[in-house]
Amino acid sequence: MKKVYIYRRFERFWHWTQTLLILTLALTGFEIHGSYHLMGFQKAVLVHDNAAYTYMGLILLIFFWLFLTGEWRQYMPTKRHILDQVQYYLYGIFHNEEHPTKKTMYHKFNPLQQGAYFALDFIILPTMVITGALYLFFADSLKYHNGYAIEPIAYIHIAGAFFLVGFVIFHVYLTTTGYKPLSAIKAMITGWEEMSDEEAEVAVRENIRMLMKFSQRRIMNAEGEEDNSMFDISLSEEIDHSKAMMIDFQKKLKESNVGYFKINKDGIYVEVNDVWKELYSKTDIKDPIGKDYRLNRKAEDRKTVENIFSQVMKGKTITGSIVARYNTDGTKSYHTISASPYYENNKIAGMEGYIIDKS
Amino acid sequence: MKKIIQVFLVIIIPEIVIFSLIGIINPDKIIMPFDNTKIQRVVVDSMPADHSKFAELNKDFASGKEVTEACLKCHTNRGKEFMHTEHWKWLKQDSLMNGKKVILGKENTPNNFCIGVNSNEHHCSECHAGYGYGDKNFDFTDQTNIDCLACHDNTGTYRKGEDGEPKEGLDLGNIARNIGHPKRENCIECHGKGGGGNNVKHGDLETAQISCTRDVDVHMASDGVNMECTECHKTHNHKMTGNVYTLTTSNANRGSCTQCHTAAPHKSKILNQHFQQIACQTCHIPIYAKVNPTKTYWDWSTAGQFDNGEPYKEIDSISPTSYSKYSTGHGTAIMESHLTPEYVWFNGNAKIFTFKDKITETPLVFNKLQGSYDDNIHPRDINNPSKIYPVKVMRGKQIYDYNYKTLIQPHTVGPKGSGAYWADFDWDASARTGMEYLGLPYSGKYDFVNTESYWILNHMVSPKEDALSCESCHSRESRLANLKGFYLPGRDKNAALEISGIVFLILVVLGVAGHSTLRILSKKH
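As given, the protein sequences belong to chains A and B, one line each in that order. Residue 1 is where the first sequence starts when you use the numbering used here, and the numbers rise one by one after that. Residue 1 is where the second sequence starts when you use the numbering used here, and the numbers rise one by one after that.
By construction, these hints were calculated from the structure, which means they are not laboratory data. Heads up, some of the hints might be wrong.
Claimed, not checked - List of simulated lysine-lysine pairs, DSS-like, C-alpha gap at most 25 Å: (1) B:Lys101 with A:Lys2; (2) A:Lys43 with B:Lys29; (3) A:Lys3 with B:Lys523; (4) B:Lys2 with A:Lys180; (5) B:Lys53 with A:Lys3; (6) B:Lys358 with B:Lys101; (7) B:Lys59 with A:Lys43; (8) B:Lys3 with A:Lys277; (9) A:Lys180 with B:Lys3; (10) A:Lys186 with B:Lys3; (11) A:Lys316 with A:Lys3.
Said to hold, decoys possible - Chain A is nowhere near these chain B residues, computed Cβ spacing over 12 Å in every case: (12) Pro27; (13) Arg41; (14) Cys473; (15) Ser500.
Cβ coordinates follow ideal geometry from the N, Cα and C atoms, glycine included.
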């Protein structure tokens, strides 16, 4: 099991605020509707109104954030893998099959979630906000056919409320379908999601690709060809990510089970993280700082890393190349390497990248 | 550790802050509400002269008329002034919503208590502010017939008897020397006893309010502000403010709570908004007939039964707060106390049924209070939109002319052989005598019709702690259950929507339960 960083701070803050707001609104809303007596009509109305105003503010904040960051694209519904996902929930999940889609920071939702969240964020919630606002401000003035619009407005609002309660039940249940029953909820609290090693690797690699992409604005595979195929679903135009987010993300990657390294333009290691050292601990290299990047590699791998280094120094980004490590006991371990140039004064100052253990 | 701190900073602390604010902040609260203690009470001048020192009054009086003559010697113009008022004429000019003028009063308007005064003045005039009103030949132009003492007696001993004359054995001299501004007991002596007994008619106005606690009536309470009737029913030149909508058609000369309280008296904005739709009385008179019972039903059609050939009376308890009573002369009645009002939309106008009107529907409504939700949203009169008012609904069954479809004025008060029902117990003779007296035709065929009259509740205002809560109306058990045609949050639901919603949620829960069960079972295999 590994943990991968999926949910950013603001997303977690927004999610839990939204959760509590929806529960508060539902609890007080159905009391106002007359379904039960709990805190009293007057208190219920006051709390409902306060929560509604707060939610309107939060929604503005969320939409602002979604559009500023381009994250809204994650919510656009897609048909891709949708049948696989349906098949998974109806069959695969009972037969220990893997999730047909993988969760990454940049692609959090499976196609069914995308559909559901799209409906939630762009249909149901706006409907609730609009009918709620009409109810608050125009209850007695809007005419509708022969009667007053308050009645149909109220009933649309109530229908939306039933939908939302149903959504919450489904949503909470489906959080239990992660790696472990509580993995998804823990992830939404801490940001780090528990995953199987295989899923984690995919997720981390995706995250690295995205990071590379943001810094380079293009991606190349090990053979030096441009490779955008993996991102045309939702992120191909993702180029204006904020720098602050990148730095935050870079930090998170270093904290993942991902080795980080930095090599200057002369080919000398200037920085590695603890995970890197851990991965190399079985080799005879304990501390690479100040050493040449070719280290102890044998001829075949030597050629690969030299190729990567020269490509990157030309300004390319390399992802997913496989490189071997030679352990002191004679065995070999493998890792994938993704690397991109880093800049000082707008000039390429060296290469930095990430390695993920494959053994 | 770092993660826990981060979770605290990102989630727990913000949520605590946000939801504390949501729970604590009350945007509905009015920071500077109207201060009730700033209400200016009506200052009544002390008596300008000590009437006990007047030579004119220092003697024994043989009759009420003699007292009035003495009054008029000094108060030379008050008599003529008083003769324009309803307390004297028992009639007033009013206007209908279409602008037409009408003359209305006890003279031409039936009710569903004792039905009407015509031919029964002998008894009814016990509450007329005059002396000698025994029949329709009473001289309304003779100002010495005015009864000053009924309203101005301050000894509390003055009582009226048949034909409106003072009861025998009263010390009229002493009463005359101790007159003053009208007190609660002067007004309540008649207005609390209409319909044949204490609290029978209004339900919210009775002798208990002469001396009561705040629980009964915050305004009249002896242990509270102890207000006199005339503080609200402001009076100029003997002309009083206030209407009773069983005898009033137009939205004029009304008393109102806002004479003292503002239109925004609450500490809550939402409650103040309710002022647009809800009369103050609706929330602040949650129950009426708080002390003594009021009559809610009077069925004249059962009258005329005898016990061994003799008229009889009988009382049967119905519940701790209600009983029925039967008498051969009156039929069956129900008396109830601690009543929950009924509610109507009302804009200050009413349609009054007179003896000349035809009965077109049952129950016959004597005073159709005008108003609707629509008239609240788009009112005819922008300053007087319809509002929801609490009412006592008096229900009855009384005699009408089967052929002419008009109500019958029965002759009830009189000696044996006069056709008076309470003496002869003969409906046909009673109807014939009464209608002849009134000058209206009677076909000879009578029957009984269900009737209703609506009595707007204005008195017995409860302390604010006892006012209705939101749930009284905004709940499935709403007090406003009978007011249809508008959506009331908490009260109304759409059955189809409700059922679909619940079925949807049941399906969701079943789906989740089924799916999770299958998952657990598949894990075990």
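Outcome of the hint check:
At roughly 91 Å between alpha-carbon atoms, B:Lys101 and A:Lys2 are farther apart than 25 Å, so this suggested pair is violated. Annotation: proposed proximity of A:Lys43 to B:Lys29 holds, straight-line Cα distance about 12 Å (limit 25 Å). Only pairs whose Cα atoms come within 25 Å are accepted, and A:Lys3 paired with B:Lys523 is accepted, the gap being roughly 23 Å. Pair hint B:Lys2 plus A:Lys180 holds up; C-alpha atoms about 23 Å apart against a cutoff of 25 Å.
Pair hint B:Lys53 plus A:Lys3 does not hold up; C-alpha atoms about 105 Å apart against a cutoff of 25 Å. Restraint check: the Cα-Cα separation between B:Lys358 and B:Lys101 comes to about 19 Å, which is no more than 25 Å; the hinted pair holds. The straight-line distance between the Cα atoms of B:Lys59 and A:Lys43 is roughly 68 Å, outside the 25 Å bound, and the hint therefore fails. Using a Cα cut-off of 25 Å, the hinted pair B:Lys3 and A:Lys277 holds, with the two alpha carbons roughly 23 Å apart.
This hinted pair checks out: A:Lys180 and B:Lys3 have alpha carbons roughly 20 Å apart, not beyond 25 Å. Distance check on the hinted pair: A:Lys186 and B:Lys3 sit about 11 Å apart at the alpha-carbon level, within 25 Å; holds. The straight-line distance between the Cα atoms of A:Lys316 and A:Lys3 is roughly 29 Å, outside the 25 Å bound, and the hint therefore fails. Distance check on B:Pro27: its Cβ comes as close as 7 Å (rounded) to a Cβ of chain A, failing to clear the 12 Å threshold; non-interface status is violated.
At roughly 32 Å, the least C-beta separation between B:Arg41 and chain A is larger than 12 Å, which holds for a residue marked as non-interface. With a least beta-carbon separation of about 9 Å from chain A, B:Cys473 fails to lie farther than 12 Å from that chain, contradicting its non-interface assignment. The beta carbon of B:Ser500 sits about 8 Å from the closest Cβ of chain A, which is not more than 12 Å, so the claim that it is off the interface is violated.
The earlier numbered hints that this structure contradicts are 1, 5, 7, 11, 12, 14, 15.
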